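Q: Can you build the whole structure from these sequences, using the hints too?
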Amino acid sequence: MSVLTIKDLHVSVQTDDGARPILRGVDLTIASGQTHALMGPNGSGKSTLAYAIAGHPRYEVTSGSIVLDGDDILDMSIDERARAGLFLAMQYPVEVPGVSVTNFLRTAATAVRGEAPKVRLWVKEVRETMDRLSMDPAFAERNVNEGFSGGEKKRSELLQLELLRPKIAVLDEIDSGLDVDALKVVSEGINRVRESGDTGVMLITHYTRILRYVKPDQVHVFSGGRIVERGGAELAETLESQGYERYAGLDLASAGSN
Amino acid sequence: MAPLSQQSGIRPDVPAADRSERLRSWNPADFPVPIGREEEWRFTPMSQLRDLLTEDASAVVGSGSVSVEVKAPSDVKVERVAHQGAQHDSRLGTVGVPAERVAALAFSATATATVLTVPQDTQLTEPIVVRAHGNGSAGADFGHVLLQVEALASAVVVLDHVGSATYADNLEIRVGDQGHLTVVSLLDWDVDAVHLSAHHIEVGRDARVVHVVVSLGGEVIRTTPEVTFAGPGGDIELLGLFFTDPNQHHEHRIFVDHSEPNCRSNVNYKGALIGEGAHSVWIGDVLIRAGAVGTETYEINRNLLLSDGPRADSVPNLEIETGDVASAGHASVTGRLDGDQLFYLMARGIPELEARRLVVTGFFAELRDRIGVAFVTERLTAALETELQRATSS
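Line by line, the protein sequences are chains A and B.
One point on numbering: in the working numbering, the residue at position 104 of the first sequence is 345, and numbering is uninterrupted.
One point on numbering: in the working numbering, the residue at position 130 of the second sequence is 500, and numbering is uninterrupted.
Don't read these hints as lab results, they were simulated from the structure.
Computed from a prediction, not measured in an experiment: that's the story for all the values here.
One should not assume that every hint holds.
Claimed, not checked - Stretch by stretch, here's where chain A covers chain B in the computed footprint (C-beta under 8 Å, at least three residues): (1) 646–660; (2) 723–730; (3) 734–743.
To be verified - Footprint (simulated), chain B over chain A, 3 or more residues, beta carbon under 8 Å: (4) 284–298; (5) 418–430.
Cβ coordinates follow ideal geometry from the N, Cα and C atoms, glycine included.
A: Quick look at the structure:
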């Protein structure tokens with residue numbers, strides 16, 4: 242079993258006006274097999290947490306720690322973190338012109354698994370996974386994210402998640418921009434990954450809609466760069482009826498203290 | 371016998387109003403020795419051109435250091451013709467007239483020219499390969515190739531350049547009505563080579579030409595493709611790929627002269643540059659004359675800077691003399707390797723060097739796939755691999 246432990250994490254983002262503190266002490270522990278929903282209003286720092294875990298150079302960890310199974314993630318480069326078992330499904334996946342999905346997936350799988358997958362098994366694995374995500378086989382010949390619709394980008398992130406089988410997956414607004422049908426397909430994909438029991442999922446979302454299909458074990462409410470409330474799946478229902486307004490005061494309080 | 375000199379009457383020290391009015395001549399003495407301030411030469415490192423700038427052009431004789439070999443299917447007529455000043459074969463010099471001194475010098479100083487003819491209605495299934503092999507850069511050598519693809523014929527021609535040389539040459543290409551030609555100049559010279567190459571291309575009525583320049587090696591490589599149309603409906607694609615290393619100069623000056631109606635030109639050059647002293651130059655001049663109604667033209671140059679230090683000059687220039695064009699546009703983009711692309715690939719476990727390799731290979735992929743000549747694609751893939759390994763290990 243794997244455990245990701247985030248302790249008292251403070252993160253600043255690089256802007257043109259210098260470093261701006263975003264995260265102000267985040268504590269979170271996720272074990273494989275668990276699903277944690279991280280909810281909060283726009284600008285509360287959810288995506289910053291995702292990028293900080295993945296190691297994006299714009300985000301600087303000023304204090305605190307992120308540890309995966311005893312190994313300090315913050316000492317690792319972006320690619321080392323991925324090979325250690327972390328995965329970030331991005332809210333805005335990046336276009337990579339001239340690099341086909343096939344080539345990309347195989348290169349990534351080779352890097353993460355430590356050896357090139359056997360060709361015949363690999364082709365079958367990719368085809369079956371794409372099939373489950375209702376993806377057209379011709380998709381594999383296209384360039385990574387180039388000209389993809391919003392839904393196609395999200396399915397493509399799910400395809401990578403299923404093939405790379407990480408220990409901990411951070412899904413950053415995987416539900417944004419999806420219609421109900423696409424949301425169901427993506428949710429089924431997430432549930433397949435959960436059912437394996439090998440992957441812990443951090444589901445970052447602004448809305449409660451996806452939580453009807455992917456039931457979280459825990460819900461964390463993010464506001465002002467910190468987690469301000471924790472609870473079970475029922476907390477999401479409260480949020481659905483009451484919104485984030487009641488956390489606005491906490492937002493101000495934490496902003497004022499900095 | 372072709373006329374030896376054909377001047378437009380414009381004095382060489384007065385800048386021409388546009389590309390079409392420039393002095394043109396086969397006689398090097400008609401051009402003063404350039405000093406580097408001329409529009410034509412302002413980006414070129416003149417001090418590195420060695421004997422190609424010799425004062426007394428009449429005394430210049432090729433060193434013989436560059437040998438030219440032709441491998442062609444049996445349908446192709448291959449001739450090696452004596453060529454010395456006024457004694458040249460009358461077919462030579464009929465496609466285009468040099469617009470600068472070095473090309474004129476190459477014309478007058480070439481000892482033997484190669485004439486390749488693909489007869490009418492002949493469809494070649496194998497490429498013609500013309501291999502120029504340089505055996506040393508000590509003395510300047512000169513060359514001339516005339517490539518005639520007659521009406522309704524189709525051919526693929528690869529001009530391969532390897533070894534070490536100080537070389538100037540003219541390439542004349544005439545594609546007859548409804549002819550199809552893909553021609554690739556692969557400049558894979560050793561690091562000390564200097565090569566100035568003037569390409570003159572005439573596109574026949576409803577003919578289609580894909581012209582590709584791949585600049586990889588050399589110290590100073592300068593290719594100047596000039597395109598004219600002999601009838602309406604012609605279509606030319608001018609593609610270029612270059613990988614410019616430290617202290618390397620790769621220059622591409624394109625001139626497309628649209629004088630016929632309903633022709634199409636598409637220019638697409640992509641380059642990657644790395645290191646101190648890497649310098650690329652791309653000049654894209656497109657002229658649409660009054661008679662060239664219905665012209666469709668687009669040109670783009672993209673440059674990828676892989677480190678600090680390189681310089682990429684990129685100058686598109688479109689002159690339109692008619693109000694009736696189908697479409698005309700140009701673009702130029704020079705930028706660094708996209709950090710977000712690298713992050714995305716690395717976040718999937720791909721190590722940084724491999725990620726950089728993927729992004730750069732992807733940058734060239736669109737053009738590489740459009741060349742469609744297996745022989746060239748393989749060489750190009752291998753060459754890019756070598757370049758990238760060198761680039762990423764330094």
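Q: Does each hint hold? Answer for all of them.
A: Comparing the hints with the structure gives:
no.: 1; hint: 646–660; in the structure: violated (count 0)
no.: 2; hint: 723–730; in the structure: holds (count 4)
no.: 3; hint: 734–743; in the structure: holds (count 3)
no.: 4; hint: 284–298; in the structure: holds (count 4)
no.: 5; hint: 418–430; in the structure: violated (count 0)
Checked against the numbered hints above, the structure violates hints 1, 5; every other hint is satisfied.
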